[in-house]
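Chains A and B, in that order, give the protein sequences.
Under the working numbering, residues 1 to 285 are what the first sequence spells out, in order.
Under the working numbering, residues 1001 to 1151 are what the second sequence spells out, in order.
In case anyone wonders, no lab produced these hints; they're calculated from the structure.
Check each hint, because a few of them may be wrong.
According to the in silico footprint, chain A covers these stretches of chain B (three or more CB under 8 Å from chain A) [to be verified]:
1) 1026 to 1036
2) 1101 to 1113
3) 1122 to 1133
Built from N, CA and C at the ideal position, the CB exists for glycine as well.
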Amino acid sequence: MAQIVSVIGTTHHPWYHKKTSRPEAELTEDARNLLGWSHRVQASFARTRPDAVVIVASDHFHQFFHNNMPQFVVGRMTSYQGTFYNEVREFDLPRVALEGNRALSTDIIEAGFEQGFDFAFSDDLRLDHACVVPSLIAQPGLDIPVVPVLTNCGAPPIPTGRRFVQLGTALRAAIEGSTSAARVAVVVSGNLSLEVGGPEQMMPYSVDAQFDADAMDWLVNRKFDALEAESTYERLMTHGNTSFQFLNMLTMASMQADMSLVHAEAMKRGGSPAPCFVYEQEEAA
Amino acid sequence: MPEQSTAQPAGPVTDGIPGYDHYAVNKFLYDTDRNPDLVARYVEDPVAYVDWYVEHRLSRLLDNESEASSVAPLDDTTRTALATYDFAALYASGAHPFVLWTLMLPVIEAKLASGEFEAPLAPDGARLENRAPMAYYRERILPHGRPYFRY
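For reference, chain B alone in the conformation it holds in the complex (with noise of 0.2 Å):
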């Protein structure tokens, strides 16, 4: 096992969409992780679930769903995104890092096991724990390096 990096970065810290703004995309990948349900949902339909949350749940405040929010709507290309999993679309754009690995860990988990997504191959020495969808994830990150996702 290499002790230093052996690679150059993957990729130069780049811009996402400056100005972009995230929250109603943060929000559906934060709200839906949380609940073990809404997940479970998420992976066995992305399309109705993406418009049942839409309607439903984006449109009102995160822990008090009796008002509405004014948050701004997802666009059609993040709705699309969200809807087939394109969660290298989402990354390069600045979604969250951290919300949507832990999001899309569980849906590439489901994938791989039923065999819906092709098992990756692994980086030479790279981490045991969730080793399979870790691999799955970052073979489709990769070309974007390292977005800001401070917008």
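Same shape as in the complex, but just chain A (with noise of 0.2 Å):
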């Protein structure tokens, strides 16, 4: 049966990679912490050793749309095309490729409809930057398998927070009971208070520092009742047009049990800050 060795929660900010590429001399502030991240993640991946990852995020609208909108969809494919033209030109970010572990796919469909889920699943699909920029920062070889799961975070109505909590305890178990990987790494996408295409969206500050800080007390703490109360469609917006993803690391906070918390960062960067988060199996250390 498959362990679960590590749950990292990250940011998919989509400039990562341009800001990320320049030559040392020309890298920012925001650029800099961003490596750093990167490098704690692969630090963990290294001591971990995951031979699959699932990755929790939520599509764009790149693939789904409201005239077909599924709340959670699993990719199920041998291989992912990653990035969508207008990410290539809005953000530059390189267009990569990405194996599935198409079993461990089926395995997670197949368990959901025993642990209440559910799930839509895919056979065509194609990642945009909430799957890639996780991958870029946790394995930039792309050389791990991976089992997309996005969430809907962006098309009300939206689940609960409650439904997100209960998303990470089922895949939790989905996981657990496949034979199809051994050693499984669980990269969470998400983010805190943000804003796109609203008032708030270019400023230095973050949207709502206050819910920043709250909500990584909540994450950290697991104070479940919180994190439910406060992540309604009406709260959220309170906390930018985008803070809905913030519903991703629900999931996390439920999916991570009792592992070791290895690092919870709030990172700093021009805007909103990014949660970061490690949790690893400590036997798999």
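From these two lone chains plus the hints, build me the complex, please.
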């Protein structure tokens, strides 16, 4: 049976590649922080040696839209292309290819039926920056097969906070019941307060610094009552119109169960800080 | 660079137009932005493109153009806003801010480059990436706060 060896919570900052691929002398403070974070995650991967990576992330209206909107969809391919043309245009993001673990995908979908999740699935999925950037951060060689689990954090009605907590429990059971991988890392892609296409989009300060601080406390200390109560559409909208991707962090908080918290940080940058978490299974270290 | 907001939030969360069905306008924004040829046509001639889109594409199912869609048509106000790049009006009415911004970015970029749109003044400390189009966009949506986009 598969073991979850680590759970990583990370930003999918779309300018990650553009900021970090400059010559050393031209790196900004943001870029240095992002590279430091990448090195930290890579060191964790080196310790825990995953042979599959489950990525929990949100599609940004690249493949799913209101005409046919899944709340939770599992990719089920043997390989994935990453990045869409409008992300190349806007972010200078590289087009990438990732191997998939199709058997693990199928195991997760089938286990979902027993775990209270009838997952949608896709055999024709392309990954946007929410999966590509965490992959570049965690495994720049892109050589470990992935299973993308995409959540709806952008098209209301959006599932409740409780549902995202339950998703973590269900995914943990599904992964641990699979024999299609031995050592699984789960990379959860999300944010704290955030605004895209709204009034605070380009500003140098956090959209809501108080929420960022509270949210880190709730996540680190697994305060699920607060996490669920504060994760309604109306509450999250007060922290920016893209704060809904915080919901993925609830999945991280429930999924890490009794693992050791190795690192937790709200990484400073221009704009709202980025959540950075590393949990490792002690025996795996 | 300030570490915390020095300003109050730009406006309250507002209601957009409660109960208004935004599917048609969001479909236009999403479907156009994901196709570089359609973006180029919208930049080149918005009036002709909106006419064409409504007649030939809005009326068809997404991802199955051989079948008609019963999607509610665009009302005249929204159609005019799309044809005149009046994104502030679309934003205020509750069009989805993500797909709205994502399509308006290449439009504003092109129009700033051609001189058709006047170069904006970016706020102090503002993000460097896409700075000019973001500032142009921000100036115009700012009075409308942060509308709900759930309807």
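Checklist entry - Okay, which hints does this one fail, numbers in order? => result When the structure is compared with the hints, none of them turns out to be violated.
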